[in-house]
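A.B. asks: Listed here are the chains, written in short residue letters.
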Amino acid sequence: MRHRKANKIHNIRLGRKFCWLVLAVLAVIALYPVFFLLAGSFMGNDELSSCLGPVISGNKGYVDFPLLPLFPTLRHYVEVFLDTPEFFVMFWNSVKITFGVLVGQFAVGTMAAWGFAKYKFPGKRVFFLLYMILMLMPFQVLMLSDYLVLDWMKLTDNLWGIILPGVFSTFPVFIMYRFFTEIPDSLLESAKLDGAREWQLFCYLALPIGSSGVISSMVLGFLEYWSLIEQPMTFLKDKSLFPLSIFLPDITAISQSGVAFVASVVTFLPALLVFLGGQDYLEQGIMAGAVKE
Amino acid sequence: MGWRKKRAPRKFYGRQNAQAGQKTPAAAGKKGIKRYCGLLWVMPSFLGVLLFYLLPYGDVVRRSFLGAVDNRFVGLENYRTVFGNTAFWLAVKNTLCFTAVCIPVLILLALGCAAILFRSRYGGLIKSAFLMPMALPAVSVALMWRLLFHSQGLLNQWLTHLGIVGSDWMNTGQAFWVLVFSYIWKNLGYDIVLWMAGLAGISEHIYEAARVDGAGEWQCFVKITLPNLKPSLYTITVLSFLNSFKVFRESYLVAGDYPHESIYMMQHLFNNWFRGYSFDKMAAAAVLESIVLLLLILMLQKAWDKKGDGIRYAP
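Top line first, the protein sequences correspond to chains A and B.
Using this note's numbering, the first residue of the first sequence is number 4, and each one after it goes up by one.
Using this note's numbering, the first residue of the second sequence is number 64, and each one after it goes up by one.
Fair warning: there could be bad hints in the mix.
As the list claims (entries may be wrong) - Distance ranges between label pairs, derived from CB positions:
(1) B/G138 to A/A194: 53 to 61 Å
(2) A/F102 to B/L305: 42 to 50 Å
(3) B/S183 to A/L275: 20 to 28 Å
(4) B/L358 to A/F102: 18 to 26 Å
FYI, nobody ran anything at the bench for these hints, they're computed from the structure.
As the structure is a computational prediction, the values presented were derived from the model and not from experiment.
All residues carry an ideal CB built from backbone N, CA and C; glycine is no exception.
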C-alpha cells in the first residue's frame, strides 16, 4: 500500500515536471519574436544579407538566424534616427493618436462609468446594454458608419478622425465601471452627510479610489491604440499622417531590412515600457472584463 | 437579500426627514432632478456615442435598402446581392471555421496553463512571458511572421533539422493554421489571466474539505475546479471571440489585400468593398453581421442570467 502511494506521488511529480516543461517551451515561443527582433536590429547589412539571403535575394537554402548578432552594430539605429525624418513624423503621429484617445477616454469615460456605477436613472438598463453591445462590435461592422460620419464632418484624412471615435469607444467605460462599483456606498453616504457635492464625490473619492481601474483601462487602451491598424489604414490617405503602427518597410529588400528591424523595435519599446510598468494594471483590466460582482 | 440592502438607507433618510419636518413638495422636486443626476454623468459620453456610432449606424441601415448609384429605394436587393456573392460566403466560411477551431483550442490551452501556474511560485514570471505578445505591435509581429513562415524561412529551416519537409506556409492551405497559431500566440496570456481570476474566486475551503475526504488532485480539478469555473467560461468565450477579429491585423500585414483563400476573412471583404466604393453591399453585410453578433451576444447574456450571477445593471 505504502509502496503504491509513493509510486503515485512519484508519478504526480513527474507529471508536474512534464507540465512545467511544456509551459516553459510555450513561454519561450511566446517570447522568441522579441529576441528575434532585437537581434536583427543590431545586425549590420552584411550579416543580415547572409542570414536572410534566401528571402532577400532568392538564394538557395533557408534563412538562418542566430540568437545573438555576431557583429553587433548600431548602424541601423543611427540610420533610422538621423537619416529618416519621416520616421519621427510617424512616431509623433502615433503619440498624438494614442494620447489624444487616452486623454479623451479619461475625460469622458470616467464620468460615464461613474454615472453607471453609482446612480440610478430611468433607462439605465437600456443605456448600459447599448454600451455593452457597442463594446462587442468589431471594427468591420462599424467601419462604414465610422466612414460616413467622418466624411460628413470632413474628418477623413485627419488625425481627429482616428482620435474622436476612439474617445467614445465604450470599452473603457465598461472596465472603469467594474472598478467604480466596488467603492462602498457607505463611504459615499458619509461623504454626502459631511456636505460633499456630487462632483466632489467624483473628484476626491471616485477617481483616487478607482484609480487602478482608470489606469487599467489606460494600459489596455495604450496597447490597443499604439498598434492600431484598421482605422488609420482605412481613413488616412496622406502619408504624412500615418502612424508607426502601419509602417511596414519591405523586409525583403536588403536596403530596407535593417531599417525594418529597427523600426519594429522602436515601435515596440513604448508598448514594452507600458507593459512592464503596468502589468498588474493590465491584468486587473483584463479581469475586469470577466469577473462578476 | 439584495433588496434589503438597498432599502435600508432610504428608510433611514425617511425617518430623518420626518423628524426634521422637511417633507415638503420642494424636497420631492429636488428628488425628481436627482433621478436624472446619473444621466448627466453619462451624457457627454452618450452624446459622442450617439454622434459617432448610433446615428451613423442608423444611416447604414437606411443605406442597406438604397441603391449605390442613385440612392433609390431597392428593398432587399442589396441583401440578395450579398447573399449571391461568392467572396461573401468564402469570408463567412473562413471566419466560422477559424472561430470554431481556435476558440476552443485557446480556451482549453489557457485553462491548462492557468491551472498549472495558479498558486505556484514562478507562475508570475511565466505569465508575464505569455502576456508579452499583447504588447508587441502587429507590424513587428508581421515582420517576424514574414521571415518565419516564408517558404525558405526560419520555420522550414528548423523543420529540415528535424527531418521534416516544410511547406510554403503563407501561400497554401497552411496559412489558416499560421493564423490560428498567431491568434493563440497573441491571446494565450490574456485568457490565462482571465482563467486565473476565475480560479482565484474558488474558495480554498472547498478544496480542503475535499482533501480531508481523500480526494486526489485530479479529482479536485474535475469535481470542484471545473464546475466552479463554468460561470467564467461565458465571459472568456465572448472576449476570446472579440479578440479573434483582431487577427486580421497580422494576416493583412503579412499577406495583403488578397491573401491565400483559406484566410480571406470578413475584414478583408469589407476592406475590398470599401476600396471599391461598394457601400450598398457593405451596408447590407454590416447590418447582417451586426444582427448575427447581436443574437449571439443576447444568447450568451441569457446564459449568464440563467446562472444567476450575470452582469447586473443596477449596482
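A.B. asks: Each hint should be assessed against the structure and marked as holding or not.
C.D. replies: Structure-based check of all given hints:
The given range of 53 to 61 Å is respected by B/G138 and A/A194, whose C-beta atoms sit roughly 58 Å from each other. The given range of 42 to 50 Å is broken by A/F102 and B/L305, whose C-beta atoms sit roughly 24 Å from each other. Distance hint check: the CB atoms of B/S183 and A/L275 are about 25 Å apart, consistent with the given range 20 to 28 Å. Restraint check, B/L358 to A/F102: a C-beta distance of roughly 37 Å breaks the suggested window 18 to 26 Å.
Violated hints, in rising order: 2, 4; the structure is consistent with all others.
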